[in-house]
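Q: Can you build the whole structure from these sequences, using the hints too?
Here is what each chain is made of, one letter per residue.
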Amino acid sequence: MTPARQLPLNLVWRPALGREDFLVAPCNAAAVALVDAWPDWPAPAVCLHGPPGSGKSHLAQVLATRTGAKILVPGAWEDKDPLGLFEDGGVLVLEDLDEAPLPETPLFHLLNACRQARGGLLLTGSTPPARWPVALPDLRSRLAALPAERLGEPDDELMAMVLLKLFADRSADVDPGVISYLVARMERSFAAVRDLVERADALALSERRRITVPLARRALEARNPEAG
Amino acid sequence: MKLTIERTALLKSLGHVQSVVERRNTIPILSNVRMEATDRGVSLNATDMDLEIVESVAAQTAVPGSTTAPAHTLYDIVRKLPDGSQVELAYDGGDGQLVLKAGRSRFSLACLPVEDFPAMSAGAFSHTFSLAAAELRGLIDRTRFAISTEETRYYLNGIFLHAADSDGLPVLRAVATDGHRLARAEVPLPEGAKDMPGIIIPRKTVAELRKLIDETGMDVTLALSDQKARFDFDDTRLTSKLIDGTFPDYERVIPTENDKVLEVDCKLFAQAVDRVSAISTEKSRAIKVTVDSGSLTLSASSPDAGSAVEEIEASYDSTAMDIGFNSRYLLDILGQVEGDAVRLTLADAASPTVVRDVADASAVYVLMPMRV
Amino acid sequence: MTDLSPRTNPDLLGHGDVEREILETQASGRVGHAWLISGPRGVGKATLAYRFARHILAGRLDPPEGEGAMGCGLFGAEAAPVRIAPDAGLGMDPEHPVFRRVVAGSHGDLRVIERAVADEKTGRRKTEIVVGDVRDLAHFMGMTPSEGGWRVVIVDEAETMNRNAANALLKVLEEPPGRAMLLLVSHNPARLLPTIRSRCRRLQLGALGDDILEHLIARHLPELGPEDRRSLVALAEGSIGRAIDLAGQGGLDLCREVISMLGALPRLDVTRLHALGDKVARDDQAFSALAELFPWWLARMTRSGALGQAPAQVISGEAEVAARLLGAAPLDRWIEVWEKVGSLFERARAVHLDRKQTVLSAFLAVEQTLGRS
Chain S
1 MTPARQLPLN LVWRPALGRE DFLVAPCNAA AVALVDAWPD WPAPAVCLHG
51 PPGSGKSHLA QVLATRTGAK ILVPGAWEDK DPLGLFEDGG VLVLEDLDEA
101 PLPETPLFHL LNACRQARGG LLLTGSTPPA RWPVALPDLR SRLAALPAER
151 LGEPDDELMA MVLLKLFADR SADVDPGVIS YLVARMERSF AAVRDLVERA
201 DALALSERRR ITVPLARRAL EARNPEAG
Chain F
1001 MKLTIERTAL LKSLGHVQSV VERRNTIPIL SNVRMEATDR GVSLNATDMD
1051 LEIVESVAAQ TAVPGSTTAP AHTLYDIVRK LPDGSQVELA YDGGDGQLVL
1101 KAGRSRFSLA CLPVEDFPAM SAGAFSHTFS LAAAELRGLI DRTRFAISTE
1151 ETRYYLNGIF LHAADSDGLP VLRAVATDGH RLARAEVPLP EGAKDMPGII
1201 IPRKTVAELR KLIDETGMDV TLALSDQKAR FDFDDTRLTS KLIDGTFPDY
1251 ERVIPTENDK VLEVDCKLFA QAVDRVSAIS TEKSRAIKVT VDSGSLTLSA
1301 SSPDAGSAVE EIEASYDSTA MDIGFNSRYL LDILGQVEGD AVRLTLADAA
1351 SPTVVRDVAD ASAVYVLMPM RV
Chain L
2001 MTDLSPRTNP DLLGHGDVER EILETQASGR VGHAWLISGP RGVGKATLAY
2051 RFARHILAGR LDPPEGEGAM GCGLFGAEAA PVRIAPDAGL GMDPEHPVFR
2101 RVVAGSHGDL RVIERAVADE KTGRRKTEIV VGDVRDLAHF MGMTPSEGGW
2151 RVVIVDEAET MNRNAANALL KVLEEPPGRA MLLLVSHNPA RLLPTIRSRC
2201 RRLQLGALGD DILEHLIARH LPELGPEDRR SLVALAEGSI GRAIDLAGQG
2251 GLDLCREVIS MLGALPRLDV TRLHALGDKV ARDDQAFSAL AELFPWWLAR
2301 MTRSGALGQA PAQVISGEAE VAARLLGAAP LDRWIEVWEK VGSLFERARA
2351 VHLDRKQTVL SAFLAVEQTL GRS
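Residue numbers (the working numbering), protein chains in the order written: chain S, 1 to 228; chain F, 1001 to 1372; chain L, 2001 to 2373.
These are computed hints drawn from the structure, not numbers from a lab.
Just to be clear, a hint being listed does not mean it is correct.
As the list claims (entries may be wrong) - Restricting the straight-line Cα-Cα distance to at most 25 Å, the calculated cross-link-like pairs of lysine to aspartate or glutamate (DMTMM-like) are: (1) S:K165 x L:D2284; (2) L:K2340 x L:D2284; (3) S:K165 x F:E1036; (4) S:K70 x S:E99; (5) L:K2171 x F:E1263; (6) L:K2171 x F:E1151; (7) F:K1204 x F:E1150; (8) F:K1002 x F:E1036; (9) F:K1204 x S:D173.
Here the structure is a predicted model, which means the values were calculated and not measured.
A: In structure tokens, the structure reads:
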């Protein structure tokens, strides 16, 4: 008989999404510079692309905080008057455009309205806009011409910083050595960092332990927290 | 400084303040109580540098002034004085001694300069509001058992007090969690508390507060900022530091979709849990709860002690299931239920269970199961 | 005796440049979260740390109200340059309430981490700062400040932190809460974890100049005559702490005694040698002073021999003794003697060898060198 094991509540913290919380590294420096450059953008509309968790939404939040930009939710803007959305040079954000079928005509109108209203528009997606599956030839060429910056896969240093930030977002107490232990062994992706932090924190909470290197090892080994 | 004060009044006030003073202090002045005599009486002040209690007591002041003297010694002396005595306290600064006279007793106590006494500056408070003592007690009692004692998770070492919206009604909410269970209690939002900062009140402050509430039936006035909380009772003022951290987004762990509803007599349930848990291992305290239509079965087994089963009547009409709980946690929650019946809403054996007092919608408890 | 304890000492001489550096950094709005104050022993590092701490605790880090707030603009608005008066420093009136509470240990927003007292009677401290000494820090940093401003932590002799203590401190350094300042003091920063060093701004204190040292000795050891004072200046090598220690340990007399006995070699005055041995066997302080001074004097003599010039005269008559010894044996022999005597005292300290025996062996080492030539 395995001993009874207390399961933990999945305590979560609101992630810190300020500009100072964004971790700049070579793989995302160009994207950060682009967002920071507003209002001196090379074109009225620009694009950020990169894998899930690479920081697109965080940067969009940063832009929104700084400029008062509205983040448009799919389904809520397509019917609206595109010029009206920009009211006096406003800034808009449209996220994850390549995840669902593109609202091609409304997007085309939005791009035009953005130029006309002297507004700003930030688009995000996981792939470069030139590769988004678009049928409308005019829209396709417009997207291909957008200034776009990529947020790449993280290097070691950024992985370490992201680990630290995510643990800090959860106010988790991490022993020295844990971060470098994990960086040396884990999958190079932001999604993996998020999963791992969640698993390690859940283990620590469940067993009322600190996050030590042995605990981190178990978190790495346990793909599925329920299998542990 | 020179004043005369009635022994009982002095004893009561010293009792309040000296409980804050640590028994062992490497910093001498922290063992002392600061006293200040004015025309309005005398105020007594003690601190452990995390919280401070100030008591105002009526006294006849002959010479206004202030000094500090050892709190526990002073308390011991006053406690042993005969009831009804008049106590004279005098300090002329010359030889650094506080002279205490009562009847034919005379004591000299070594003083330390009042300038060396810690200053807990309250700063500006952004919100001030009043609360009935019973309401504050309710918020504390129904949540404090869930406060974490893990020092590394210091941001969980207190009660999170904040303004919230409960189905459209503004409420003042208290939340505590240790990562295994969570307790949330609320009262209607007092006037003046709108937009207050969310604060985490440290465990020790909660304990001191609770003692003070017991001794007063009156309203409590709270003053808050993002750095301090102050609680004013009749003659007692408690000012406390706060935990400087972020409380988790607790709403996300309170399930809303649990669809299996179990109702059971709270007292019978608690007694049964208590009995069956006699068998569960000391360390895990695990018991198994089996629910089936119309009944609830509690069981526990341990390789050393044997096994136990008890069935009680319950209202349940969903699919049968087993779920494990830490019996201690279950009893903690059941102990807060004042009504006759308790309602558990369950999802499955690995998801949080919600516990409520059927007669009281103002408190919610969330309990994570154990894998048994 | 005088109280030069950094907690209570309101004065610091000879480091005005360093204090100006702090004030200039503060004016530029980049005061950061951690500073490492390093430099030789006994020059005022901890005194500076306390001065800096009091300065911060008194709210002097923040610009006065209405004087062009800095660093609070959303976009890091340019801080208005703050003018620093040429004589500005971190000084504070000892009657200032912050000063009083720091002395009393009752300032709620200051924590001092140092080696714990091991023996209440002698005041002897443990050899390391252990994790238990640092543990309170998490609680301190996890609570809002007591007086509403900054929280300050001083770590004295930071190099004595053992591995666990250093790691615990590192965690605070990695994620300091807002308005928290760590001041690390170390005479040997190379022994700190590199990850700790790299997170601190550095402040390097130099040795005190002879004139400042003489002034300080006159102030704190008024009983010394001018000649003793000058001798002590030379012995103390820019460290007022060392000067006061040596004076308290009878270092000057010991030094004279040793030089005079060395001067009599190769004749070994057995009575005097035994008397010296007995004295240091009884008296910890005298032994510390001798363990420091004997090898130090041999090193100085050897150095002057290598340079071909006479050493500065610290004790009257020492130049002749040095010249005679150097003339009696080649320099490389004296280097060996210096090393041998140094390691003798080192071992005596480390494994508690018999002190009298150690003193005897040291003199014999010198005597044999003379005898062989």
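Q: Each hint needs a verdict: does it hold in this structure or not?
A: Tested hints:
1. In summary, the hint linking K165 (chain S) to D2284 (chain L) is not supported, as the alpha carbons are separated by about 52 Å, beyond the 25 Å threshold.
2. Restraint check: the Cα-Cα separation between K2340 (chain L) and D2284 (chain L) comes to about 22 Å, which is no more than 25 Å; the hinted pair holds.
3. A hinted pair counts as satisfied when its Cα atoms are at most 25 Å apart, and K165 (chain S) with E1036 (chain F) does not qualify at roughly 48 Å.
4. Pair hint K70 (chain S) plus E99 (chain S) holds up; C-alpha atoms about 20 Å apart against a cutoff of 25 Å.
5. For a cut-off of 25 Å, the pair hint linking K2171 (chain L) to E1263 (chain F) is broken: about 48 Å separates their Cα positions.
6. Between K2171 (chain L) and E1151 (chain F), the direct Cα distance comes to roughly 15 Å. Compliance with the 25 Å bound is thereby established for this hinted pair.
7. Taking the CA atoms of K1204 (chain F) and E1150 (chain F), the gap is about 14 Å. The hint holds against a cut of 25 Å.
8. Of the supplied pair hints, the one linking K1002 (chain F) and E1036 (chain F) holds, its CA atoms being roughly 10 Å apart against a limit of 25 Å.
9. For the hint pairing K1204 (chain F) with D173 (chain S), the CA-to-CA distance comes to about 22 Å; that is within 25 Å, so the pair holds.
Checked against the numbered hints given earlier, this structure breaks hints 1, 3 and 5; the rest are met.
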